[in-house]
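Colleague: Chains as they are written, first to last, in the working numbering: chain B, 2 to 254; chain V, 2 to 254; chain Z, 2 to 254.
Just so you know, these hints were derived from the structure itself, not from any lab.
Mixed in with the good hints there might be a few duds.
Repeated chains share a single entry, so a pair holds when one copy, or any two copies, can fit it.
As the list claims (entries may be wrong) - With a straight-line cut-off of 30 Å between C-alpha atoms, the simulated DSBU-like cross-links for lysine-lysine are: (1) Lys15 to Lys156; (2) Lys209 to Lys254; (3) Lys15 to Lys27; (4) Lys62 to Lys15; (5) Lys144 to Lys254; (6) Lys217 to Lys27.
Predicted model, so just to flag it, every value in this text is computed and none were measured.
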Amino acid sequence: MNYTLTQLPDRTEKPRQSGLTMVMDKGLSLREVEDFLSTSAGHSDIVKLGWATSFVTPNLKDKIAIYQSAGIPVYFGGTLFEAFVVRNQFDEYRKLLDKYGLEHAEVSDGSIDMNQDDKCNYIRTLATQVTVLSEVGSKDEAKIIPPYKWIQLMKSELQAGAWKVIGEAREGGTVGLFRASGEVRQGLVEEILTQVPFESILWEAPQKEQQVWFVKLLGANVNLGNIAPHEVIPLETIRLGLRGDTFSHFLDK
Amino acid sequence: MNYTLTQLPDRTEKPRQSGLTMVMDKGLSLREVEDFLSTSAGHSDIVKLGWATSFVTPNLKDKIAIYQSAGIPVYFGGTLFEAFVVRNQFDEYRKLLDKYGLEHAEVSDGSIDMNQDDKCNYIRTLATQVTVLSEVGSKDEAKIIPPYKWIQLMKSELQAGAWKVIGEAREGGTVGLFRASGEVRQGLVEEILTQVPFESILWEAPQKEQQVWFVKLLGANVNLGNIAPHEVIPLETIRLGLRGDTFSHFLDK
Amino acid sequence: MNYTLTQLPDRTEKPRQSGLTMVMDKGLSLREVEDFLSTSAGHSDIVKLGWATSFVTPNLKDKIAIYQSAGIPVYFGGTLFEAFVVRNQFDEYRKLLDKYGLEHAEVSDGSIDMNQDDKCNYIRTLATQVTVLSEVGSKDEAKIIPPYKWIQLMKSELQAGAWKVIGEAREGGTVGLFRASGEVRQGLVEEILTQVPFESILWEAPQKEQQVWFVKLLGANVNLGNIAPHEVIPLETIRLGLRGDTFSHFLDK
Numbered sequence: 002m003n004y005t006l007t008q009l010p011d012r013t014e015k016p017r018q019s020g021l022t023m024v025m026d027k028g029l030s031l032r033e034v035e036d037f038l039s040t041s042a043g044h045s046d047i048v049k050l051g052w053a054t055s056f057v058t059p060n061l062k063d064k065i066a067i068y069q070s071a072g073i074p075v076y077f078g079g080t081l082f083e084a085f086v087v088r089n090q091f092d093e094y095r096k097l098l099d100k101y102g103l104e105h106a107e108v109s110d111g112s113i114d115m116n117q118d119d120k121c122n123y124i125r126t127l128a129t130q131v132t133v134l135s136e137v138g139s140k141d142e143a144k145i146i147p148p149y150k151w152i153q154l155m156k157s158e159l160q161a162g163a164w165k166v167i168g169e170a171r172e173g174g175t176v177g178l179f180r181a182s183g184e185v186r187q188g189l190v191e192e193i194l195t196q197v198p199f200e201s202i203l204w205e206a207p208q209k210e211q212q213v214w215f216v217k218l219l220g221a222n223v224n225l226g227n228i229a230p231h232e233v234i235p236l237e238t239i240r241l242g243l244r245g246d247t248f249s250h251f252l253d254k
Numbered sequence: 002m003n004y005t006l007t008q009l010p011d012r013t014e015k016p017r018q019s020g021l022t023m024v025m026d027k028g029l030s031l032r033e034v035e036d037f038l039s040t041s042a043g044h045s046d047i048v049k050l051g052w053a054t055s056f057v058t059p060n061l062k063d064k065i066a067i068y069q070s071a072g073i074p075v076y077f078g079g080t081l082f083e084a085f086v087v088r089n090q091f092d093e094y095r096k097l098l099d100k101y102g103l104e105h106a107e108v109s110d111g112s113i114d115m116n117q118d119d120k121c122n123y124i125r126t127l128a129t130q131v132t133v134l135s136e137v138g139s140k141d142e143a144k145i146i147p148p149y150k151w152i153q154l155m156k157s158e159l160q161a162g163a164w165k166v167i168g169e170a171r172e173g174g175t176v177g178l179f180r181a182s183g184e185v186r187q188g189l190v191e192e193i194l195t196q197v198p199f200e201s202i203l204w205e206a207p208q209k210e211q212q213v214w215f216v217k218l219l220g221a222n223v224n225l226g227n228i229a230p231h232e233v234i235p236l237e238t239i240r241l242g243l244r245g246d247t248f249s250h251f252l253d254k
Numbered sequence: 002m003n004y005t006l007t008q009l010p011d012r013t014e015k016p017r018q019s020g021l022t023m024v025m026d027k028g029l030s031l032r033e034v035e036d037f038l039s040t041s042a043g044h045s046d047i048v049k050l051g052w053a054t055s056f057v058t059p060n061l062k063d064k065i066a067i068y069q070s071a072g073i074p075v076y077f078g079g080t081l082f083e084a085f086v087v088r089n090q091f092d093e094y095r096k097l098l099d100k101y102g103l104e105h106a107e108v109s110d111g112s113i114d115m116n117q118d119d120k121c122n123y124i125r126t127l128a129t130q131v132t133v134l135s136e137v138g139s140k141d142e143a144k145i146i147p148p149y150k151w152i153q154l155m156k157s158e159l160q161a162g163a164w165k166v167i168g169e170a171r172e173g174g175t176v177g178l179f180r181a182s183g184e185v186r187q188g189l190v191e192e193i194l195t196q197v198p199f200e201s202i203l204w205e206a207p208q209k210e211q212q213v214w215f216v217k218l219l220g221a222n223v224n225l226g227n228i229a230p231h232e233v234i235p236l237e238t239i240r241l242g243l244r245g246d247t248f249s250h251f252l253d254k
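Isolated chain B (complex conformation) (with noise of 0.2 Å):
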């Protein structure tokens, strides 16, 4: 930090458990990783790169290694899991995962239709090869999750061997977790936190208003998800209290 000021949250320090902030890449260049990495590298853990736009970046493993080689996992979207898994062709989909050195891989369904014990059996399988971040909610506006089965979802993923179970919002941040106006179902989140623990959970918060939520909510080290790479630095100042938004939520009272 450039300079000290007093009455700060503590920040879990790298590699953590909580006070994880995941990054979405839709699809920077080579060079645009590099100056991401050289002003947020230490304040990212992980970045997805978005849905399948791995299917169409040029350099692909190159960028990969440029992360990797900033101490950075990298690991694809859900939708690519599935992209592969409808087309039964998830065997191509584990070669993929070794052919680029991932390891991480996501499992959801949010686009497709499958079953529970069909989801925890891909989480057992790609356990058994990668770390798996597994994710619970629907894209479809129409299909409202009741709060008792997020729970039960969240639970038996996490048993079946996902390393953290990820609160699903689009990239525009309105469905799943969020109403459509982009506001926090409020009552959901609290409902699951009083059964699935807190560092098991990380919130997709694309939203600047979202991630002032559950700073404030839940503090500093919540895991957030999603944020764009020029936002990780912002995201940072919220968590610590140095943003309008959250200013006085640290302060001694």
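Given the coordinates of chain B, work out where chains V and Z should sit on it, guided by the hints.
Modeller: Using the frame of chain B, we list chains V and Z on its own:
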């Protein structure tokens, strides 16, 4: 492509007449242009230097050269054409195109009143010099053009020598083809397509929801424009059914 | 400029007292700063390192040096001043300004309660060390300041030694001068201008609609701030009547 997936829609290949992606550059630096090309040249067909940003952009000649040497033609936004015309400087505009070695130009009347004969004359004149894109639709929310009139305008402009007619939107995507809410005027688009060839129209669709709407209605190879540089890769995944929004659209039923 | 157009409004030249563009940097990398300067240095007057982003930005000294060597002064966002004050670390703040060779500073009370005498004392003290910008308006949507009070605050802060007073908005542009909808509080702006000199005020206007509104009301050379780096060239075209939104504004009738 970095790996193989079945059941993808056929994409046309460059140079193409349909499936065009027109990108809007509103002031990139030379290095940002290089970055953009390193990821997206293969998915970009033509670049517009937005409205009159070329007036205040340094290194204009170098910038155009970088795009052209990547095989991507560049043209000035229609507002610049209008700025010259409204000042009775049309001859100077023609010289400007040559000075910068441009092979495309846009004719539009989004910000000025111009009768249709005059507009078609501008198209005819410019078509002797460059490839012309002509834009239909006003930037003024109050000016509603009925469908039969859109069709008549598009037909006469194509007949006057326009290579493509552009369905006007603003950078933010809220007039012309779109309601103030950003929603597409579906009846308008469908009626236009009964009379004007699909491949002759380039639809401005700067917002993701609009891109999704056009791909679902008209397929992977619809011509889309005003795409922000960082949205070219995401758009390509929408075209291919590899983003949540169009995930099921191209799959075998 | 790359070509000649008649009927353009006169723009003041750097260094200027009116027509200022203040840019918000919320975490650019060194190379991104270079890119920004290569396109926009000529149209940028001063750069703010947004709120307390300087706390977590690596290479801070180098970044400031790059801006300064391009002739563009840099200052820390007002929230950082407040973060030091609320912790009784004001003397350290003054040393920090010297350590980083800054010649400008912002005094604000957007996130803390400060009585007006104290605020003016901070302005007076800092004005012996640097050029002071002081900000009026709360970041809290619930705190509505009536127009007579805005005027009184602005006058007393200018009298205390502020070079410019800033009309507060948030990065997203939704409080202070703006309603929750982002709409400008027109009556407020007009009443302020009956009593406070035009060139002494710098209006925060991060959104395009706000920039257009101020240029239409106050002309090409209104002072505008919180402009995103990639929006400086677009703003310059708005100032010059070379974007659709202000296209007709400066033309001879």
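Colleague: Confirm or reject each hint.
Modeller: Right, here's what the structure says about each hint:
1. Lys15 to Lys156: within (26 Å within a copy, 49 Å between copies)
2. Lys209 to Lys254: within (25 Å within a copy, 39 Å between copies)
3. Lys15 to Lys27: Classified as both; 24 Å inside a copy, 23 Å across copies.
4. Lys62 to Lys15: Both: 24 Å inside a copy, 25 Å across copies.
5. Lys144 to Lys254: Cα proximity of Lys144 and Lys254: across copies only (21 Å, versus 43 Å in one copy).
6. Lys217 to Lys27: both (28 Å within a copy, 21 Å between copies)
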